[in-house]
Each structure stands twice: as C-alpha cells, then as structure tokens.
Amino acid sequence: MLLIRRFEERAGQLYGMGMIGGFCHLYIGQEAVVVGMQAALKRTDSVITGYRDHGHMLAAGIPANAVMAELTGRAAGISKGKGGSMHMFSVEHGFYGGHGIVAAQVPLGTGLAFAHKYKGDGGLSVTYFGDGASNQGQVYESFNMAELWKLPAIFVIENNQYAMGTSVNRSSSEDQLYRRGESFRVPGLQVDGMDVLAVRGAAAAAVEWVRAGKGPLLLEMKTYRYRGHSMSDPAKYRSREEVAAMREKSDPIEHAKREILEAGFADEAALKAIDKEVRDIVVTAADFAEAAPEPAPAELHTDVLVGTY
Amino acid sequence: MAEIKLPAMSPTMEEGTLAKWLVAEGDIVKPGDVIAEIETDKATMELEVDDGGTVAKLHVPAGSEGVKVGALIATILGEGETAAPPAAAVAERPAPEAPLMPSAVEARPEAPAAPAPTSPVVEPEATGPTKRQTVREALRDAMAEEMRTTPEVFVMGEEVAEYQGAYKVTQGLLEEFGATRVVDTPITEYGFAGLGAGAAMGGLKPIVEFMTFNFAMQAIDHIINSAAKTNYMSGGQMRCPIVFRGPNGAASRVAAQHSQNFGPWYASVPGLIVIAPYSAADAKGLLKSAIRSPDPVVFLENELLYGQTFDVPEGEATVPIGKARVVREGKHVTLVSYSIGVGVALDAATQLAAEGIEAEVVDLRTLRPLDTATVLASLKKTNRMVVVEEGWPVCSISSEIIAVAMEQGFDDLDAPVLRVTNVDVPLPYAANLEKLALVKVEDVVAAVKKVNYR
Numbered sequence: 450m451l452l453i454r455r456f457e458e459r460a461g462q463l464y465g466m467g468m469i470g471g472f473c474h475l476y477i478g479q480e481a482v483v484v485g486m487q488a489a490l491k492r493t494d495s496v497i498t499g500y501r502d503h504g505h506m507l508a509a510g511i512p513a514n515a516v517m518a519e520l521t522g523r524a525a526g527i528s529k530g531k532g533g534s535m536h537m538f539s540v541e542h543g544f545y546g547g548h549g550i551v552a553a554q555v556p557l558g559t560g561l562a563f564a565h566k567y568k569g570d571g572g573l574s575v576t577y578f579g580d581g582a583s584n585q586g587q588v589y590e591s592f593n594m595a596e597l598w599k600l601p602a603i604f605v606i607e608n609n610q611y612a613m614g615t616s617v618n619r620s621s622s623e624d625q626l627y628r629r630g631e632s633f634r635v636p637g638l639q640v641d642g643m644d645v646l647a648v649r650g651a652a653a654a655a656v657e658w659v660r661a662g663k664g665p666l667l668l669e670m671k672t673y674r675y676r677g678h679s680m681s682d683p684a685k686y687r688s689r690e691e692v693a694a695m696r697e698k699s700d701p702i703e704h705a706k707r708e709i710l711e712a713g714f715a716d717e718a719a720l721k722a723i724d725k726e727v728r729d730i731v732v733t734a735a736d737f738a739e740a741a742p743e744p745a746p747a748e749l750h751t752d753v754l755v756g757t758y
Numbered sequence: 344m345a346e347i348k349l350p351a352m353s354p355t356m357e358e359g360t361l362a363k364w365l366v367a368e369g370d371i372v373k374p375g376d377v378i379a380e381i382e383t384d385k386a387t388m389e390l391e392v393d394d395g396g397t398v399a400k401l402h403v404p405a406g407s408e409g410v411k412v413g414a415l416i417a418t419i420l421g422e423g424e425t426a427a428p429p430a431a432a433v434a435e436r437p438a439p440e441a442p443l444m445p446s447a448v449e450a451r452p453e454a455p456a457a458p459a460p461t462s463p464v465v466e467p468e469a470t471g472p473t474k475r476q477t478v479r480e481a482l483r484d485a486m487a488e489e490m491r492t493t494p495e496v497f498v499m500g501e502e503v504a505e506y507q508g509a510y511k512v513t514q515g516l517l518e519e520f521g522a523t524r525v526v527d528t529p530i531t532e533y534g535f536a537g538l539g540a541g542a543a544m545g546g547l548k549p550i551v552e553f554m555t556f557n558f559a560m561q562a563i564d565h566i567i568n569s570a571a572k573t574n575y576m577s578g579g580q581m582r583c584p585i586v587f588r589g590p591n592g593a594a595s596r597v598a599a600q601h602s603q604n605f606g607p608w609y610a611s612v613p614g615l616i617v618i619a620p621y622s623a624a625d626a627k628g629l630l631k632s633a634i635r636s637p638d639p640v641v642f643l644e645n646e647l648l649y650g651q652t653f654d655v656p657e658g659e660a661t662v663p664i665g666k667a668r669v670v671r672e673g674k675h676v677t678l679v680s681y682s683i684g685v686g687v688a689l690d691a692a693t694q695l696a697a698e699g700i701e702a703e704v705v706d707l708r709t710l711r712p713l714d715t716a717t718v719l720a721s722l723k724k725t726n727r728m729v730v731v732e733e734g735w736p737v738c739s740i741s742s743e744i745i746a747v748a749m750e751q752g753f754d755d756l757d758a759p760v761l762r763v764t765n766v767d768v769p770l771p772y773a774a775n776l777e778k779l780a781l782v783k784v785e786d787v788v789a790a791v792k793k794v795n796y797r
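Protein chains in written order, with this note's numbering: chain P, 450 to 758; chain X, 344 to 797.
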C-alpha cells in the first residue's frame with residue numbers, strides 16, 4: 450500500500466513537471482482494495498482493470514521501474530512506451546490491462562474466466578471496475594453470461610463515490626452497488642474498502658466460492674480517491690472538508706499501521722525502515738523513467754500485427 | 344378449394360426440397376395441421392394448412408428438390424367440394440394471380456441438387472481433385488477441420504449450436520464438438536464480442552459468429568478498441584487471436600438496418616485483418632488461415648453467396664491472407680472487386696467479351712492488408728480500371744483503390760479510374776428501389792466502355 454501511495458505521489462509530481470503526458474488517473478486512497486484482493490490470489494489467476502491501473506500493476510508484482518518508464522513514454526516501459534498510463538499489460542504477471550474504455554474490461558475479464566474454465570486450469574479472473582462503469586450495459590451482459598455458464602469470475606466494483614464528477618447518488622437508481630447482480634443471481638457483498646484486512650477476508654471468501662464452481666461473485670468495495678478523477682480534474686464537485694475528513698478518519702495506510710503497532714507485529718522503527726525502502730524504490734523508478742531513452746522511431750511500425758502477410 | 348403453393352420461408356429462399364409429406368391423398372386435415380416438411384437452404388420447416396378439408400391431390404412427390412417458391416404442391420377440397428381440373432378451378436375464381444400452369448411445378452425427384460443462382464466459374468487456385476460445395480458448406484468444413492486439430496478453437500454466437508446456425512453455417516458442429524466448444528450465447532453482441540476477445544487474450548482461439556455484421560455495430564468497440572489495438576498498446580505482449588465472422592452486405596429485401604457493407608469500416612483500422620471472399624474455395628482456405636492467424640480477423644461473408652456452389656479443393660488447402668487473385672484474365676480493362684461484387688464483375692466481363700472488350704477481374708479477397716501489388720500489376724497490363732463494390736461509394740474500398748492507382752500507378756493510367764457501387768442511400772425495401780440501389784452489371788459495362796472511350 451505504501452509503495453502504491455508513494456509511487457502515485459511521485460507520478461503526480463512528474464505529471465506536474467511535464468514528464469508524464471495525456472491522462473493520468475491516480476489510485477491514492479484506494480490502495481487497500483487491490484492489496485487486499487491480490488493477497489487472496491494465486492499466480493495462475495488473471496487480473497484486469499480499467500485505466501486507474503498503476504496500483505494494480507504494482508500489487509501484481511510488476512517492477513516499479515517498468516511502470517514508471519511507461520508513464521514517461523520510454524522504451525523500457527512495460528508496453529515499450531506505446532501504451533502509457535491507461536494501457537499497460539503483463540502476461541507474465543497475469544495482468545491483462547489497463548483498458549481505456551469505461552467497463553470494456555468487464556466482458557474481457559469474463560472472457561478470461563471463460564478461458565480458465567475452458568482450459569480447466571483451476572484459475573479465476575478478477576475484474577475491477579468503478580462505480581461509474583457499473584452503469585454500462587456491457588457489465589450486465591457479462592453478469593448474465595458469467596452466471597449462466599458458472600464462470601470463475603470475481604467482479605470488484607471499486608466504489609470511490611464519484612464517476613469523474615458525478616456522485617453515485619446522482620447517477621445510480623440503485624446506489625447499493627453490491628446488489629447490482631441480483632437479477633442475474635450473482636451474489637454480492639459490500640466491503641469496507643479502506644480496511645485491507647476486511648478486503649482480504651472478503652476476497653478469500655469470494656475465491657473459495659468461485660473456485661468451488663459456484664459461479665461469479667460481486668464485491669462492492671466502499672473506497673475513496675483523494676485526488677481528482679485525473680490530473681486535470683479541478684474537483685469542484687466535492688468540498689475540501691470532505692476529502693480532508695476521509696484522509697483523517699479512514700486512511701487505509703494509517704489504519705493498517707495502527708493495527709500493526711497494536712498487534713505488535715512491528716515497531717515504529719521497523720515501519721520507518723519500510724517507509725525508507727519504499728521511498729528508495731520510488732526515487733529509483735522516477736530517476737530511471739526520466740533517464741531511460743525514448744522508443745526508437747522504428748518502433749512506430751512494430752507490434753501492429755503479429756503475423757506477416 | 345385451397346391450392347397450397349410452396350411458400351417462401353426466408354427472405355432469400357427461391358426454392359426448397361419437399362422432404363416429406365405428412366398426409367396422403369384422401370386424408371382429412373384440420374386448420375393448423377402440419378402437412379409437409381420443407382427443407383430450405385437454412386433449415387427444415389413444417390408447412391401448416393390454413394383451411395381444413397380433404398387432401399385431393401399431392402402435386403409434388405416427397406423428396407423433390409428444387410421446387411420453386413410459388414409452385415403448386417397440394418390441393419385441398421373443402422366440405423362438399425368435388426375434385427375438378429385445375430384449369431376449371433382457376434376459371435371459377437378470377438383471382439388476380441397468374442393462371443396455374445402445370446409446368447410451373449419444377450419437381451425433379453431424380454435430378455441432382457439444382458445449381459444455385461448462376462455463379463460464373465472460378466477455378467480454384469490449387470491443382471488436384473476438387474468437389475462441388477456451397478460457400479456455406481466450405482465455411483463449416485473450415486471451422487470443423489481447424490477445431491479437429493486445435494483444441495483452443497471454439498465457436499460462439501447466437502444460435503450457433505442447437506439451432507445449427509441462423510444461416511446453417513455451423514451445421515453439425517455441436518454434434519461433433521459438444522457444447523463446450525460450440526457455445527450458444529444470449530442476444531448480447533457487445534457482451535460476447537468482449538468475452539471472446541478476453542478469452543483470446545487468455546490463450547484461446549475464439550470464432551465469434553455475428554448473426555449479421557449489422558449487429559456487430561453494437562460490439563464494434565471490442566473489435567476495434569479491445570481486439571485490434573491491444574497488441575500495439577502492450578508493446579507486443581498481449582495478443583488477441585480471434586475471428587469475428589458472419590454475413591455482411593445486402594441480403595434480400597431486409598432493408599436499411601440489415602443491409603450494409605462494413606468492409607471499408609474495418610479495413611480502415613490498423614491492427615485488424617479484414618477478409619471478404621467470393622468463392623467457396625477462398626471462403627474455406629481463408630477462414631482456415633484466419634483461424635490460424637495470431638491476429639484479430641474480421642471475416643466478412645455474404646448471405647447471398649452462402650448457397651452458391653463452387654469447386655473446392657479436396658483435403659487440406661489454405662489460402663494466404665493478403666493476396667488478391669486474378670480470377671479472369673483480360674487486356675483491355677481491370678475490374679477490381681471483392682465478395683459478391685466479384686460475381687457482378689465476372690458477369691460484366693462475360694457481356695463485355697461479347698463486344699470485344701476483354702476485362703481482367705481481380706478479386707481482392709483480403710481488404711486489409713490490401714494486395715496493391717496485384718492490382719497495380721494488372722493496371723500496368725490494361726491501363727484502365729473500374730472498381731466494383733457492393734457497398735456505398737463514399738470512403739469505400741473503391742476510394743482506396745483509386746487512391747492507390749493515383750499514387751502508385753499514375754503513369755500506367757490511360758483513363759480516370761471509375762467506381763461502380765451501390766447508390767449512396769440507405770437500402771430501400773421496395774423490390775424495384777432495392778434493385779435500383781444495388782450495384783449492377785449494366786453500370787459496370789457502361790463504366791468500362793467509358794474508360795475505353797467507346
């Protein structure tokens with residue numbers, strides 16, 4: 450969680466310096482969701498998400514250097530600099546993107562679950578999408594097929610309360626998003642997405658359900674993003690007080706820290722050491738991403754097609 | 344007295360097989376009784392009677408193939424009626440319909456399957472033994488052959504399994520490969536196109552059938568944004584080997600929303616392979632290549648070609664993607680076309696030959712990547728070119744071919760390149776207007792004369 454937080458803060462700074470271009474959606478505040486989920490998965494499982502994807506990549510174990518270098522559009526980036534913030538993939542880490550069209554990842558993730566079932570490899574897919582995406586029709590087309598065919602799919606709605614600037618209440622006739630699967634008989638759970646252990650517990654239950662062949666499950670993670678929708682969001686739709694209160698009372702990292710100290714798993718000194726280690730990784734990644742060369746001009750024409758015709 | 348005539352059971356049905364009579368002469372029938380099973384090119388249908396009575400005469404024996412739509416197949420007498428010769432019956436009732444001619448019944452019980460609407464002969468490329476096959480059967484064989492050798496290949500779409508395919512293209516696949524590999528989907532194009540693309544990313548090789556490509560507009564986001572772009576966006580790590588296939592272009596009398604050629608749309612997208620074959624041999628060979636391709640393929644079929652019969656090589660034969668083919672040699676003009684337009688071009692070439700103009704016909708077969716070399720080589724030979732396209736003229740494949748001829752073949756041109764296409768309107772329903780809107784042989788002939796200054 451700390452790595453994601455520091456990485457995203459640094460990415461925000463690099464954006465401000467003009468090192469990162471285009472759209473850049475930060476995950477700050479939502480870290481507990483992806484970290485708790487990933488803790489319950491196996492290496493053979495598949496993960497897919499939308500464009501707010503940096504945290505998911507780091508949680509999947511993809512090196513920070515490769516992610517940051519993609520953000521700066523360098524040849525050493527995970528997509529050779531051709532994808533950018535919203536389009537990153539790592540087959541090796543079971544991470545299937547990184548998709549820029551809101552909710553497109555939902556049928557794609559359902560397809561990954563279909564592939565797991567077809568191959569009988571025991572794997573499952575985890576598909577993350579936001580409260581905004583949950584109003585797209587293809588989500589429900591996916592729920593229908595996933596339940597109809599009992600696919601091993603976990604759908605995770607990261608409800609950070611705002612679809613760009615539109616709050617859940619202003620966009621959703623049913624704002625209890627965990628109920629969105631009901632008419633397809635997809636069971637749903639609402640989870641405190643600011644508590645990493647609560648997330649991990651729900652994830653473990655979901656994984657058990659899905660691996661038992663009972664079909665898909667929907668998890669609604671109640672979470673919050675501290676930053677704007679993207680770097681260019683002036684955030685006029687919510688008050689500073691609302692954000693400050695959330696940071697103060699519900700921050701997932703502070704919450705985890707308190708629990709660690711109370712349980713005596715580590716002391717302040719040990720946590721400081723972790724903090725330093727994380728800062729070093731992020732500084733190294735940023736330096737690497739700034740210094741790495743841009744893609745060669747010839748790369749413009751590669752990777753359009755795999756075959757030669 | 345009721346005269347039962349063979350009804351049209353689909354928009355494209357012109358004839359059918361009287362598979363079985365379920366009644367005999369002399370039987371009493373009630374309204375709604377099923378009296379016969381009719382086999383169309385798409386399905387076996389039951390024929391019900393609207394009126395009750397006594398079956399007086401079955402005019403066509405069971406097993407008759409090639410019975411024309413509208414042919415008299417049975418006569419049923421109402422209560423108290425007695426059998427009378429058909430001519431008398433017609434005289435009694437001055438109906439607006441044409442008088443019944445016994446010769447209208449074209450039942451040929453012993454004859455082999457009637458050839459479908461004339462298709463000019465296109466010899467297959469491969470040498471060796473061939474068999475006569477419809478485009479429909481060739482497509483099915485291509486899928487079945489690839490499914491036998493590659494376990495990752497599966498077919499999904501609406502009505503592909505239990506119904507045996509809305510256009511019967513997947514006939515028999517469910518029986519051979521089972522429901523795991525031949526998957527009936529709900530009516531949910533956006534959803535199953537995305538699901539298929541995800542399954543391809545996950546290591547499978549899906550064949551996604553759209554009942555028609557008109558419905559794929561609901562799914563075009565996944566074809567383009569998910570399937571076509573992912574390999575590039577991922578720096579070459581995330582592949583999406585998937586085939587999206589189904590009928591494309593105008594069918595028959597199904598009007599604007601069901602009649603559109605999407606070839607130019609998909610052919611404009613880098614990252615996609617786009618194929619639109621004409622002959623059954625190419626349909627089979629190219630579909631096999633498409634399934635084996637590591638790239639996403641849009642495979643555009645044509646409903647009106649499904650029932651046409653061609654020579655198809657026996658056994659294993661693939662056709663390379665990205666290679667056009669000269670299907671008729673000539674020296675005075677080059678006709679460039681693809682899909683059903685090739686038939687129009689060949690018919691025009693036959694007419695022109697009678698007037699002393701030898702047209703060379705190039706079948707593009709693949710729309711992306713476009714085989715410009717074959718087109719330009721033919722242009723170099725004939726110095727004149729007309730593009731024939733069953734589709735709209737604006738921003739079309741024709742437009743692209745004309746641009747290629749301008750940019751790369753300018754010095755070879757003795758006349759401007761012309762395009763002969765559908766009229767630039769949504770396709771109308773009325774039979775006469777539909778005919779006016781679609782690409783026509785006469786127009787091709789006229790355009791060829793124009794570029795030959797004749």
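Hints listed in this document are in silico derivations from the structure and should not be mistaken for laboratory results.
Please note that a few of the clues may not be correct.
Keeping only pairs whose Cα atoms sit at most 30 Å apart, straight-line, the calculated DSS-like set for lysine-lysine is [unchecked claim]:
| hint | chain 1 | residue 1 | chain 2 | residue 2 |
| --- | --- | --- | --- | --- |
| 1 | X | 674 | X | 724 |
| 2 | X | 348 | X | 363 |
| 3 | X | 674 | X | 783 |
| 4 | P | 599 | X | 373 |
| 5 | X | 783 | P | 491 |
| 6 | P | 568 | X | 548 |
| 7 | X | 666 | X | 724 |
| 8 | X | 373 | X | 348 |
| 9 | P | 663 | P | 685 |
| 10 | X | 548 | P | 663 |
Quantities reported herein were computed from a predicted structural model and do not represent experimental measurements.
Taking the earlier hints as the rules, which of them does this structure contradict? 4, 5, 9
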